[in-house]
Each structure stands twice: as C-alpha cells, then as structure tokens.
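Enquirer: If you read the sequences in order, they're chains A, B and C.
Quick note, the first sequence lines up with residues 181 to 383 if you use the working numbering.
Quick note, the second sequence lines up with residues 181 to 383 if you use the working numbering.
Quick note, the third sequence lines up with residues 181 to 383 if you use the working numbering.
Treat the hints as calculated values from the structure; they're not laboratory data.
Treat the hints with caution; some may be incorrect.
Which copy? The list can't say, so a pair holds if one copy fits it or any two copies do.
[Unchecked claim] Computed list of lysine-lysine pairs in DSBU-like fashion (alpha-carbon distance at most 30 Å, straight line):
| id | residue 1 | residue 2 |
| --- | --- | --- |
| 1 | LYS369 | LYS381 |
| 2 | LYS326 | LYS206 |
| 3 | LYS381 | LYS326 |
Residues per chain, in single letters:
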Amino acid sequence: MIMSVLFYVGIVAEAMSGAVAAGRYKVDLFGVFFIAFATALGGGSIRDVMLDHYPLLWIANPHYVYVVAISALIATRLAYYIDRLERFFLILDALGLAVFSTLGAKIAISLGHGFTVAMISGMVTGAFGGILRDVFCNTLPLILRKELYAVIAMLCGGLHWFLYPYLGEDLATTLAILCGFVLRILAIKYKISLPIFSFEKHQ
Amino acid sequence: MIMSVLFYVGIVAEAMSGAVAAGRYKVDLFGVFFIAFATALGGGSIRDVMLDHYPLLWIANPHYVYVVAISALIATRLAYYIDRLERFFLILDALGLAVFSTLGAKIAISLGHGFTVAMISGMVTGAFGGILRDVFCNTLPLILRKELYAVIAMLCGGLHWFLYPYLGEDLATTLAILCGFVLRILAIKYKISLPIFSFEKHQ
Amino acid sequence: MIMSVLFYVGIVAEAMSGAVAAGRYKVDLFGVFFIAFATALGGGSIRDVMLDHYPLLWIANPHYVYVVAISALIATRLAYYIDRLERFFLILDALGLAVFSTLGAKIAISLGHGFTVAMISGMVTGAFGGILRDVFCNTLPLILRKELYAVIAMLCGGLHWFLYPYLGEDLATTLAILCGFVLRILAIKYKISLPIFSFEKHQ
C-alpha cells in the first residue's frame, strides 16, 4: 500500500518536473506530454524491454498514462509555483528516485537475475527517464554530469539485493528506499558529486 | 490491397523526406540510408518492441529495407525537385501518417490491448519515425514543437478503436485513415497547432 | 578461443575509446561509465532487442559490465597516452568492428534470418554503439558522416552469410573478420569514404 502511494508520488513528481523542463524548449502541448511521459515512464519502459519483462508497466496499467498527462497539464498551469517550490519538488524527486530504483531491482531479482543486473535495473528504472528527457530535448543528459543521481539509483538496487535474503522483502525494500532518499537529500544539501573527467583530444 | 499500396506510398514518402532532411547535416550515403530507415521504419520498430510484437515489420519483410534504400537513393538525386514539390510530398506524408497510425492501432487491438494502448501505438507508429530522425540528426524533434502531427496520429488510432466494433475492420480503417488525412491537410493549410508552452526556470 | 580473445579486445577498445570521448563533455565518473557502456555494449543490446534474442549479452554475462567499467576507469587515468597512441587504438577499434559485426551476423543467422537481416544485424552490432555514444553526448553521430565504418560492418555481416554455407562457420568467420579489418585499415589509411550528401532546403 505505502509502496503504491510512493510510486504514484514518484510518477507525479517526475511527470511534473519533466513538463516544467520541457517549457524551456518551447514545445507544444503534445511535446509537454511526450517529455513528461519519457521522464516518468521511460526508465521503467527501457528496463522492461531490457529484461524482456512484458507487458511494459504502462501497458499493463494504462491509467498511468493519464496520471502522467494530468500531472503534466497541471504543471504547465502551475509552472511558476512548481519552480518556486523547487526544494519541495527536489524532495519528491528524491523519493521517486529511491522508490523507482528499488522497484527496478526487485523486478530484476524476481526474474532470477543477480547483483549486477539488479543494480543496473535499479539505475535504469530510476535514472533513464531523465536521460531520455534530455536526449529528446536535445541537451547533454544532466545526470551524466552532476550530482550522485544515478549512483544512488544503483545503490538502492544493490542494497536491496544484499539485504532481502536476510531481512525479507518488505524490510529490505524499506531500508533501500530510505537509504537512497536520505543519501540523495544529503548529496543535494552538501553538493556532493562525483569527480568530473575532462579531456580534450589533441588534433 | 489498397491498404498495401497506401502503406508503400507511406514508406516511400517517409524515406524520401528523411533522406532530403538528412542532406542538411552533410551526412554520407550511409547516413542518408540510416536516417531514411529511421524515419520510415523506426516508428513501427519501436512499436513492435514496445508491444512485444516480434518479428519487427522489416525483419518479417526484409524487402522494406530495399524499398527504403532505393527511395532514399532516388531522393538524393532528385532532392531539388522533391523540395520544390513540397506540397505534393506533404500530401503523401499526410497519407503516410494516417495509414501508419491506423495500422499501428490495429496491431495493438489485434494483440488484445484497449483504447489507451491502441491510441499510443498509433502515435508511436505514425510519429516516432520523425522523432528518431531528429534525435539522430541532433536537433530538437520538430513534432514536439508544431503542427497537429502526433495528435492526429493518436486520433487515427483512437478513432479506429471506437469505430471497428460498430462498422467492422475495413470500414473503420478507411474512416480513420480518411479522417486523419483530411485533418492533417487542414492543419497544414490553416496552420492549426497546439498551444506552445514556454517557461524559463529562474536561477 | 581466439574469437573470445578478440571479443574482449574489442570490448576493451570500445570502452576505452568511449571513455576518452566522454572526457570532452566534462561528464562525471558515472557519465564516463555510462558512455563507455553504451559504446561497448550498446550495439549488441540493440541487436538483441531487435532480434528478440534474450537475455541481452551483458545480462547473460554480467562480468562484461565490469570489464567495461575497469577499462573505462583505466582510460580516464591514461587518457593522455591513449590519445597519443591513437593509431594503435584505431587498429584495435578496427578489430573490434570486424569481430562485433561478424558475431552480430552469426547470431542473426543462428536465429534463422536471411541475408538482409544478417547484414543489418552485423551493422547494428558493430556500429550502433558509436551512434548511441554520440546521441547521449548530444552530437551528430560521427559514423553518419565519414569513413567506411558502418558499411564495413554490413560487409562483414553479408560476407559471412555468403561464405558459411561453402566454407563452414569457422573459416567464414575468420575470412569475414579479416576482410573487415583490412578494409577498415585501408579506409583509414587512404581516407576512403562515401560521398557526402549535402542539401539545404529552400525557405
């Protein structure tokens, strides 16, 4: 139940942040929906294709499409306020990241995959939506560049894999989500990030 | 039979328009083929992967690959004329859009999916080729930005879903294609488009 | 055995060249891994999804993920030297291209596909990693623009298809790889490339 609520919170937050980001590129209403959809459901879709886990999450539950569409529509109306409430949305986004990644790892584990695939499945579910959003918006994906975003997604996935044989599904899930959420908030607050690799080829 | 002819017309038109568009980015001949292929067959391929509908259309019918390649090659020779005949090609493209989208919805319905998935399957089949073309050409996808392109693709899909239980497959297909085609032509003629959402984040 | 060694050489070379290329975009360490992964394993993954050939190569063999990660990490430390040893890496890359493409065609053939699909499977396996790298780095894919890269990948695939009924798997594979490798080296040495198609739409 709680997972389900958190999952919807995550989808709404990602759809809204995708829609607001799309505003920068002067897209039309369809563009807003498309980018919101890619941001909120793209990561899970790529994961499902990657793991041969059909039907895709939003095909099994088509009402997600409308949750995304309505969230995106509301976001275009309230963009000014969403942007001002940035801190609040960063918290929702951190929650979404932790929930999506842990769920992604759970799906990989339920299909019989091991640590590496669970971790990557978590990363793809949590972080690939943002990558798709930026690819479609024709900018360098932000998460390749800063903040412990994808790393935390991998961590949630890996942590769940380590914990669930000892603690059981529910407790492992809760801990993985909590850890990911707290780490993400700390990473934002203290601007923790990975070292940048900068290198210019000679010519 | 007529569907089949319209389908080829659509593929040829999309491949040619993809090839001509590629010329702007100074790609080589392989690049022309690649972009033409992505434009003409990319949408259908993404749809097939999304719906777990294997083999992909061009793997089941490899001769489509040559239809695309020959169309693209001809387009590089006749680019000047194709560009001057823009109006004629817009009509072919509108036809292709309507045919592809309706077919996409039919495939989703034949796999047992409902209204939402049929509509999105139509949209992906009809409009994703253009999105892939622009992603590979490193520009912001045009259809996120203007003209009722993707919306008409969704409409064809949704309309077919609504009509076929009452009118049967053939009539529903014909009507969906006709409606999509006429709407697209009207949208071009009267420059009808969705409202633009423009929003700059504060920093 | 030799194939296996060549395959690892190919993965290491592609991962390193991907990582060095990523340095240009000032990505963080995760970004380096991501781009290296897309470059080295992206082509094979797209091929597997396209052919419904599950599990994906790196899901069946998760240790590839670590081979890529370690190669990428080493590349960030040794970027200066890798860049100076450009000629050596071009040779490794040419080898990787020939090996990957021929393997890609073999997989398509083993699934019962014919000439066209084998050729495209070779092309996707050998060349799509570089396309994904450039799409994620937000630049126009290099291989759409110059050098007989993708064409050689198609050639390896097609050649293997032609030869294996007469010469058997092993000899056909060896010859396809050798031909691809030599052609790629010649194409680099003599700057052989396809004609460029340049066309500006009137407006």
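Enquirer: Determine for every hint whether it applies to the structure shown.
Expert: Against the structure, the hints come out as follows:
| no. | hint | result |
| --- | --- | --- |
| 1 | LYS369 x LYS381 | between (34 Å within a copy, 20 Å between copies) |
| 2 | LYS326 x LYS206 | both (25 Å within a copy, 10 Å between copies) |
| 3 | LYS381 x LYS326 | both (22 Å within a copy, 18 Å between copies) |
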